[in-house]
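Visitor: Could you put together the complete structure from these sequences and hints?
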Amino acid sequence: MKAKIFASIAVAITGAVLLYAVSDFPRFGDPRSPANAGVEGGSPSASLYYIENTYRDTKVPNLVTAILADYRGYDTMFETVVILTAGMSIFAILRVLRRDDAPGAPASAPDSSDHSIDGDHHRIIVATTCRIAAPLIQIFALYVVAHGHHSPGGGFQGGVMLGASFILLALSGSLRDTLVRFSEQQYLRLAFIGILIYAGFGFLPLWVGRNFLDYGALSGLLMTSGEEMARSHSMLGVEIGVAMTVMSIMFAIFANLSTRGRLHGGL
Amino acid sequence: MENSVQSYLPLWACLASLVAVPLIVIFRREIFLRELVTFGAGALKFAFVLAMLPIILEGNVIDLTLVPGIDGLNVPIAFRVDGLGLLFALVASSLWILTSLYAVGYMRGLHEHSQTRFFAFFALSLCATLGVAFAGNLFTLYLFYEMLSLSTWPLVTHHQDKEARGGGRTYLSYLLGTSIAFAIPAILFTYVRSGGEVSFGPEAILSDSDLGYWPALALLLAFAFGFSKAGLMPFHSWLPGAMVAPTPVSALLHAVAVVKVGVFCIIRVVTGVFGVDLLGRLGVNGVLAWVAAFTVITSSLIALTQDNLKRRLAFSTIGQLSYIILGVALLTEHAVMGSIMHIAMHAVGKITLFFCAGAIFVACGKKYISELDGLGRRMPVTFAAFAIGAMSVTGLPPTGGLLSKLYLVWGAAEANEIALLCVFLVSTILNGAYFFPIVYRAFFKPLPEGSADTGIAEAPLACVIPLALTAAGSILLFFFPGLLFDLAGLMVNGDVANP
Amino acid sequence: MQSFFQEAVIPHFNFWIYVIIMMVGLWSVIAKNNLIKKLIGLSIFQTAILLLYVSLGVKEGATIPVLDHHALIESSHSESSEGSGKKAIAINPDHYANPLPHVLMLTAIVVGVATLGVALALTQMIYKDFGTIEEDEVLKKIKALHDDV
Amino acid sequence: MSDHYPALVLLAPLFGALVIGLFGLRDHRVCLPVVVSALGVSLFAAISLVLSVSSGGPVDYFVAGWKEPIGIGIQLRADAINTPLLVVIAIVALLAAIFSIRPAAERDSEKTPYFYVLFLLLCVGLFGITITADAFNVFVLIEVTALSSYGLVAIGQSKRGKVAAFHYLIMGTVGASFYLLGVGYLYLKLGSLNMQDIHGILASDDALADSRAIRTAFVFILVGIWTKMAFFPLHGWLPNAYSYSPSGSAAILAPLVTKVSVYVMVRMMVSVFGLDRLEANVEWGHFVVWLAIIAIAAGSTMALAQREIKKMLCCLIIAEVGYMVGGAWLGDPQRWGLTGTVYHILADALMTSCLFLAAGIFAKWLGALKLEDLSGLFRKMPLAAAGFVVGGLAIIGVPPTCGFYSKFYLIRGGIESGQWTYVVALLASSLVNAVLFFRIFEIAYFGKKPADSHGDDHGHDHESEPVVRLEPPLHALIPLLVAAALLVLLGLFNGPVVEFIRTGLIETAAVVSTGR
Amino acid sequence: MIVTFDIIILVFLVIAAIISLSVKDLLAAAMVFGIYGFLICLLWAEMGAVDVAFTEATVGAGVSTVLIVATILNTRRKSTD
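Protein chains in written order, with the working numbering: chain A, 1 to 267; chain B, 268 to 766; chain C, 767 to 915; chain D, 916 to 1431; chain E, 1432 to 1512.
No lab work stands behind these hints: they were computed from the structure.
We put the beta carbon where it would ideally sit given N, CA and C, even for glycine.
Warning: the hint list may mix true and false statements.
Heads up, simulated SDA-like pairs for lysine to any residue below, C-alpha to C-alpha not over 20 Å straight-line [said to hold, decoys possible]:
1. Lys712(B) / Val693(B)
2. Lys2(A) / Gly1151(D)
3. Lys909(C) / Gln1221(D)
4. Lys906(C) / Asp1456(E)
5. Lys1026(D) / Met891(C)
6. Lys982(D) / Pro44(A)
Not close to chain C: a few residues of chain D, all C-beta gaps over 10 Å, as computed [unchecked claim]:
7. Glu983
8. Val1078
9. Thr1216
Guide: Printed below as a string of C-alpha cells:
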C-alpha cells in the first residue's frame, strides 16, 4: 500500500511538471517549428539540411536510412553494441554452463520433456506450415535489408525478421532442431562478426587519413564512381553487419529465455 | 634584513630517520644491528641539525620548496628553517639519541614484545616532529602534524591490552577530531582571507588584512584548540590517557616531541599568521592568555591529587605547556623569549622526570607515589636526577628552568599584567607542592618494614646514564644559556640579542 | 473551460496524451507488485517518450521522409545533360516529415527491447531462486536467508 | 593516426570485446592478454589526448567527416574536463581487470569470457560518455554502460545480486528515460542535438533560455543523471547493487559508473546550459546545495550503521556524490567549487577503486564480509591492510593523499560562496569517516593475538615476526598497492592537475558563455 | 496525418495501456501489451514515421511479446495485483 501512495505522489509531481511545459510547445504538426526548421540563433537546422542534401551527398532516397547509417552512423554502431551487450548480459545471467556443456558443444541430449514433432498430431500441421513459411520470411527479410535505401526497412528490421524466422521454427517445431540448424556457437560468432563488419567499415577510412566512419574515403577501395556511391554501398555493407548481429542476438535471447539458459526443452 | 639561503639540510635531517624505518625492519632479526641503525639515524639527524646552526646564527633563514605552489593555486610543500624551528629541532634530535639509549634499556629490561615495530614508529614520529619544526607554510605544518598523530598512535597502543585500546581511542579522537574540526577550517580561512598566501615570511600572513575583533578571536581560538597537542583545557585529556604507553614514548613524545609540536604550532600561528602587532592592536591575545592561565592553575591542582606518578607528570606537563602559551600570548619581547626558552628548559627537565619514573618501574615495578617510601637510599642516582629535574621544572636556581621562568615573569611585568604575574608565582608554588613531597618521601621516609629490602637496586645502566645526562644538561643550561638566548633572540627582534 | 480545451489541448493533443501514457507507465513501475507487470509498465513508459519525439517531427500535409527516387533521377539526367550545376527541381522540405526524430526513435525502441530482455532474464532467475515473482514475497524471503555471499 | 585518438580511445576496448567474443569463448586463456592490451591502447590514447589538450586546447573530432553545419554529424570533444577522466577510467579499468582474473579451477570460472566481454563493453560505454559532445549519443552510451553493468552485477552466484540487479535496472532505465525526455524537450525548442550548438542558441537568446520548456528540460536531465549517480533521494539501488555483486564487478562498477554520471552533470552545466545562467538564479543553486548537504549527512549516517564492509563503502560513495554535486552548485565567483568537483571525480574514482579492491581481497581470500571478521587483519595480510589503510586515510582526507586536496578545494569554494552549512557538512562527514575507518583499524590492529600494525600514512610495509601469512595472490595485491600509490601521487601532484582543470574550466566557461 | 484518425488511435492506446496493466492474468496482459504495440505501430505509420512503424511492429510489438510470454511460461501465470 505504501508503494501505491508513493507512486501516486511521484506521478502527480512529474505529471504536473510535464504539463506545465506542454503549453510552451509549438503547435502539433507545425512545419516551421524549431525542431523542423531550426532557430535563427543556432546553426542551420539539421533536418532541413538532411532533406535537401541527403540525395546529393549519398544518393540514398530513404532519408532515415541515410541518417541512420551515415550521418549519425556512430549512434547506430552503439545501438548494435547495446543489442550485443544485452545478449551478453542475458548469457551471463541465465546461461547454465556445466563443465562439459562448453558453449561450443551442441545442445545436450534431448530429455523427456522435449515433445518432438511426430508424436503430436496437432503440431504436425503447424510445424509443416511454419517450416514452409520460414524460408519465405527469410527471403522477405533479406529484401528488407537490401532495399533499405529506397523503401522503409534496413538492418534492424531485416535482422529481427531473420531472427523471428528462427524463433518461429523453434516455437512450432522444437528448439533442439532449430539449434541443430543454427547452433549457439554459430549465432554467437555471427553476432560478433556483424559488429566487426560495422566497425571494420568505420575503421577503414582511418587508413586513408579520414575520420572514423567517413565512408566517402572508401571510393578508391570500392571502385565506385564517386564518393556518394561509395557512401551508398558502404551503408549497405553496414546494414548487413547490423542485420547479422540483430538476427543472432534476438534468437539467442529467445533461446535462453524460453529454456532459462539450459538450451533444451523449451516452450 | 634576513636573506634566505637555499640548502637541502632540512630535507636530509627529516629523511635521516625516515630512511631508518625500512632499515630497522630489514634488520629485525639482528637486534644489535637494529639498535645501531636507530643510534646512527639519531646521530646523523643531530649532525644535520647542528650543521644548520651556523647559517641560522648569522641571521639568515634556510628555504627549500619541495612541491612548488603555482601562484596561490595549489597547496605548496616547503621547508623554512628559522631560529624557533632550529631550537625545537635541536632539542628534539638531541634528546632522541638519549631516549633511544634509554628505550633499548627499558625494552630489554621489561622484555617487551614486537620491538621492531616500536623503534620503526619511533623513528617515523621523529621525522614528523622535525617536519613540523621546519615547516615553511601552514599546509606542510598540518601535513606533518597529522603524520605525527597517526605515527604515534601505534606507540601509544603498544601493549595492545584493554586500557591501551581505551587510551588509543581517546588519543586519536581528541587529536584527529580537533585537527579536522578546528585546524582545517582555520587554515582554510587564513588561506582564503590572505588570498592564497600561507607561507611564514618575515612579516605575518594576516598582518595587513582588516580582520575584525570577533573573527580574529574565533580564528585564534580555532587554531589554539585545533592544535590540541598543546593540551589547552578542555582538549587536554588525551595526554593523561596516553600514559598507557611505555615510558620511553611518554618521555620523548609526551614531554618533548608531541606536546611541544602543539605549542610550536601555536607560537607559529601567533608570530607567523597573526603577527604581534595585529594581535596587540585587536587585544585578542588577552583571551588566549586567560585560557592558558586557567589551564595552568587547574592542571597544577589536579596534579596534586594524582597518585600515579606518570599521570602527575602528565598534568604537570599540561601546566608547563600553558606557561609557554601564556608567555607568547603576552606578546611582550621578554615574555616571548621566555616562552621559547621554556620549550628547551621544560623539555630537558621533564624528560629527566619521565626517565626516572621509567627507571623506578623497571627496577622495582612501582608506579604509585605512595609506594616510593625510602627508595631514595636504594636508587640514589635516579632520585637525585629526579630532584634536579623537579627543580628545573619548578624553576629553582641551579637549573635552567629558572631563566625561562624569570623571563616569563619579566615579560608579564613588562605587559603590566599583574594578575598573570600572580598566576606565574602561584603556579610555581603549586609545582613545588606536587614535586617535592615525592623527593622528601623517597629520601627521608624509612623503607616499609615488610618489603624485601635486598631486591631493589638501581635500574640497568642503559636507563640510568641517560637520566643522569639530562639532569646534568638542565644544570648546564643554567650556566651556559648563550645558545638558547641567541636562537630565541632571533625570533623576537630578528637579530642576535646580547644576553 | 471550452476555450482552454480549444486553444491549449487540441493543438497539443499528442503531447497531452504522451504525458498521460507516461504517467500510467511510471505509476505501474512503482506501484505494481508483480515483476512482469512492472516491466510492462516500464515498456509503456518508454514508448511514451517515443510518442513525444515522433510527434514533434510531424509536419501537416507532409509525406514519409523518403524522396521520390525516380523524379530525382530524371531531373539529375536532364540537369546533367544541360550541364547546369543546380538540380532541376528543388526539394521542398515542408513536404517531407522531419527524419531526425525517426532515427533517434529507432535507437530508443531497440534499447527498450534490450532492457526488457535483460529484465526478463533477471525475473526468471529471481523465480528460480525465490520461487515467486511478487515483489513483497521476494523481499520477505531475502530477509529470511541470513547470509549468502 | 595520431589525430584519431578521440575515436581510438573507445575503439580499442570495442575491438578487444569482439576478439574475445570470437576467440575467447572457447579458449579462456585469450581473455586477459586481449583485455590488458585493449585497455593499454586506450590509456595511451587518453594520455596523448591530455598532452595535446594541454598544449593546443580542446580537440574536436567529427565522426563520419560531417563538419560544416555543426549539428549534422556527431562531434566528439576532448577538453580539460574530460581527458583526465579518460586516463583515470583506463587506469581503474586496468587495475580491476587484473584483479578479477579467475584461475580455471575456481567455481564459476567458465563465465570468465562473458565477464570480460561485458567488462570491455562497459569500458566502451564509459569512454564514449566521457568523450562525446552530442546530447543523444550520451543517452545511447549510458544505455551501453547500464546494460553491461546489470550483467556484471548479476553474473555472480549471489541470490540477492539478482534482485539488486533488477532494482538497479528499473531505476537506471527510469533515470535514462528522464534524461532522454530532457534532451527531447531541448531538441523540441532548439532544433539541435549538438552540445556546442545548443549552448550557442541558449546564450544568444535569453527569453528562449528562460522559457518553461527549457527549464523543464534541465530539471528532467538533472533528475535523470541524479538517478544514475545515486544522488541521495534517488540512491536506493546502489548499496545492494555494489555489495552483492561479485568482487571483480564491484571493483570496476563502484569507482566509475557514478563518477562518470557526475561528469555528465558537470558537462551539462558547463557546456550546455552555461555556468553564468545557472549562477544567475541563485535560489536553484541553494536548493541543490541543500540537497547535497542532506545527501552527505545521510550517506555518512548510513555508513555508520552498516556492519558489512562493502555496504559501508557504498554508503560512503553516496556521501562522496553529495560532495561533488554540492561543490558543482556552490556558484562561488572563482569557481573553486567546480574545480574541486572535477578534481574530486578523479580522486574519488581512485579512492573507491582502492577501497573496493581491498574489500574484494578481504571477501575473497579472507572470507571477511562483516567488520568483525577483519580482526587480526594487519597480522594476516600486512600489505593488503596497508593498501586499505592508505585508501581509508584518503577518504578521511589526511594531507599527502588526494582526498585532502579535493576536500580543500571544495571547502574553499564553500567559504568563498558563503555556503557555511556545506563546509560544516564536509568537515562533519570527514570526522565520521575518521570514526568509521579507525573503528576498522582498531579491530584489524587489536585482533585476538598481539597483532602488529602500521597505522602511519605512508603505507610503509614493515611487519615484525608474522605468525601466519595469508597474503592474496600477486594479481590481486599489485592493483591494490598501485591504486594506493596513485592516491598519494595524485595528492602530491595536485598542483599541475588542478591548473590543467582550471585553465580548461575558465576557457570552456569563457568561450562558451560568449556564444557563437 | 489525419487528425481525427490520430485522436482515435491515441484514445485506444491509453485504454489498451490501462487494461494491460490492470488485468490479473499475465498472459492476457502480455496479449493486450501486444495489441498496444501494434496500435503504436499504426500510430507511427499514420504520423508518417514509416521506418519507426516497421521497427515497432517487428521489435517493439513482436519480439517483446514473445519474450514476455516465454518468461511467463517459465515463471508463474497468476499475478496478485
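Visitor: Please go over all the hints and tell whether each is borne out by the structure.
Guide: Status of each hint after checking the structure:
no.: 1; hint: Lys712(B) / Val693(B); verdict: 28 Å, violated
no.: 2; hint: Lys2(A) / Gly1151(D); verdict: 16 Å, holds
no.: 3; hint: Lys909(C) / Gln1221(D); verdict: 16 Å, holds
no.: 4; hint: Lys906(C) / Asp1456(E); verdict: 23 Å, violated
no.: 5; hint: Lys1026(D) / Met891(C); verdict: 16 Å, holds
no.: 6; hint: Lys982(D) / Pro44(A); verdict: 13 Å, holds
no.: 7; hint: Glu983; verdict: 17 Å, holds
no.: 8; hint: Val1078; verdict: 6 Å, violated
no.: 9; hint: Thr1216; verdict: 22 Å, holds
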